[in-house]
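S.K.: One letter stands for each residue in the lines below.
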Amino acid sequence: MSAGSRRLSFLGVGVAPVLIVSALVGSAAVGLADADGDSRRSGFDFMGPQTQAMQGDDTSNPGMLAVLEGEDIWNRKAGAADKSCADCHGDAARSMHGVAAHYPAFDTGTGGPINLDQRINTCREKNQEAEPFPWESAEILALSAYVGLQSRGMPVQVGDDARLAGAIKAGDEAFHRKQGQLDFSCADCHDANWDRKLGGSVIPQGHATGYPIYRLEWQSMGSLQRRLRNCMAGVRAEPYSYGSPEFVELELYLMSRSRGMAVETPAVRP
Amino acid sequence: MARTLINVPPTAKRGEVVEIKTLISHPMETGFRTGPDGALIPRDIIHRFTCTYNGEEVFSADLFPAITANPFITFTTVATESGELALSWTDDKGQTQTETAKITVE
Amino acid sequence: MIGVVLALALLPYTVVGDAVPAPLVEAPGDPARGRAVVTSRQRGLCLLCHTGPFPEERFQGDLAPSLAGVGSRLSEGQIRLRLIDSRRLDPGSIMPSYYRTDGLERVGAAWRDKPVLSAEEIEDVVAFLATLRD
Amino acid sequence: MTILATRRDILRTGAATGAAFATLLLVRPVMAKPEEMEAAIRAFTGSAPVAKGKVELVLPALVENGNSVPLAVNVAHWMEPNDYVKTIAVFNEKNPQPNVATFHLTPRSGRASVSTRIRLGDSQKITAIAQLSDGSFWVDEAEVIVTLPACAES
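Order-wise, the sequence lines are chains A, B, C and D. Using my numbering, you'd call the opening residue of the first sequence number -13 and step up by one each time. Using my numbering, you'd call the opening residue of the second sequence number 6 and step up by one each time. Using my numbering, you'd call the opening residue of the third sequence number 165 and step up by one each time. Using my numbering, you'd call the opening residue of the fourth sequence number 73 and step up by one each time.
Keep in mind that the hints were calculated from the coordinates and are not lab data. In this text the structure is predicted, and so the values were computed from the model without any measurement. Just so it is clear, CB atoms sit at the ideal spot from N, CA and C, and this is done for glycine as well. Mixed in with the good hints there might be a few duds.
Said to hold, decoys possible - Interface residues of chain C toward chain A, partial, derived using beta-carbon atoms under 8 Å:
1) Arg205
2) Leu211
3) Cys213
4) Gly225
5) Leu227
6) Ile258
7) Pro260
8) Ser261
9) Leu268
10) Val271
11) Trp275
Could you build the full structure based on these sequences and the hints that come with them?
M.R.: Set out below in structure tokens:
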């Protein structure tokens, strides 16, 4: 009962419990213009108008409930250090501006790529001295949605770090590797057959620019890794486990493909 | 109980019809689903929503399991005078959550 | 019954040209059962990619050619090989091999060492598809 | 779907032109509807006649996921202190329970316009019935086709 309605102060409309921010999203949530000779299209472009409208209006996008939750967690003290994210990072609108657009990113600690959820949990363990949030928990989804929102509309920046070239290549190979009883690769659908229909569903190009997303099928928020597990289950493959190097490499490869496209977090998808 | 997102115009002209949009986080468990153990998951939905305007009820709704998780409801009201709108959601556990929003009528 | 068939060894078959002329099992395939397999999105999965003459089935995919008239275009033996192991004919095809368990990666636990369809189901589907004539 | 669009267009025109056409079509909620929806509608309307018109039920003809279907109901009738739209009830044909939502309006609503999002387990017909303060009932219906999701969780 404690968590009440919140204002979207990070959007600069903290005057009253009033959220008129719909216009912000419309231009952000699309792929690059064909005029540039860029044929990349966000999953947003493949959705029906109702689902697009749901994402495009912050007062109707259920993902914004997670964002509000994330804002709360950002400001809540936690762990043995009794510190909040805000105690070190201050106002997320400034400190986190554009940050999510760089993830997965190189981590000096592990010498490899980590995704945003892992980055948040590393910070949590090291600086807050708190237990990491479990994969797919409401908390980690909320916090990554909140941090992700601070990059909404900004171009994805992943793919230019030479230290990650090997990991991107590994992700590329995973994307093209046939898997499961049905023996499909990601590329079989998302490169070779996008815009066609698998049953009733249009196949998008696989640009993961809006995660964590509110997926209508789930009726909740979920991470890119959860979505990838759905795809793997679809081709009857054994999904990688959450946080496995294979998933992070795949995530990294996918984001490098989307370099320059706009971040849409929190996106809505069917 | 839950996080809510309410959109009420902060100001309105007297007599103007304003639209109110509400979202609340709730699983809206239908009572028709079975869990991994095969047993029916008990129903837990928000079954009642009301809106009062300076204490007078101006709108209400009875909701059933067919309403989505994280219920979204929009409706309208006439901006009659400055004051407070109180929005209440009541779930099957008997919990009621009330949120308020101010409106200034010119 | 399916479990028994799927458990271990696949039945042997002989490829002649681009066909498997001889049925996998002695009992003749049943077109009605085959139709049920073809239209089932859990069993045959065919309509996820193919369209076909199934007016009651909404949401047929368009990743692959229509099944309409396939019985006029292909012999039963040709249909049989395209079901059993389509990739033997075209390694680049996305048509899964429905009666093959080797050469696959990371198959989910529930599906491991099992073909997509049993030998009997393959025959039912062959019998049904052969009836789809122009 | 073409037929549906045409029918809806006609209704929309009808609503815009006023109530004149509305009483021409009397819908008896006893048609091909499954029994439970019928019973739920009867519980709401009693033995009163239900006329087509005034109500506009807005639903996408084709939805991407039945877990979230946007629904809006608009009733073309004024909201005067003694003459207003009192209740809007929405029913479905094939979900486990026939009721979707019942909205209670007042003259202070200003307009009879509500929206929400609903779940549909299958393609089916949705019915919206409005009750005016004078006790009359008005109805609109829409068919929704629900897409089956590909690549769902197993």
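S.K.: Hint compliance check: list the failing hint numbers for this structure, sorted ascending.
M.R.: The structure breaks none of the hints.
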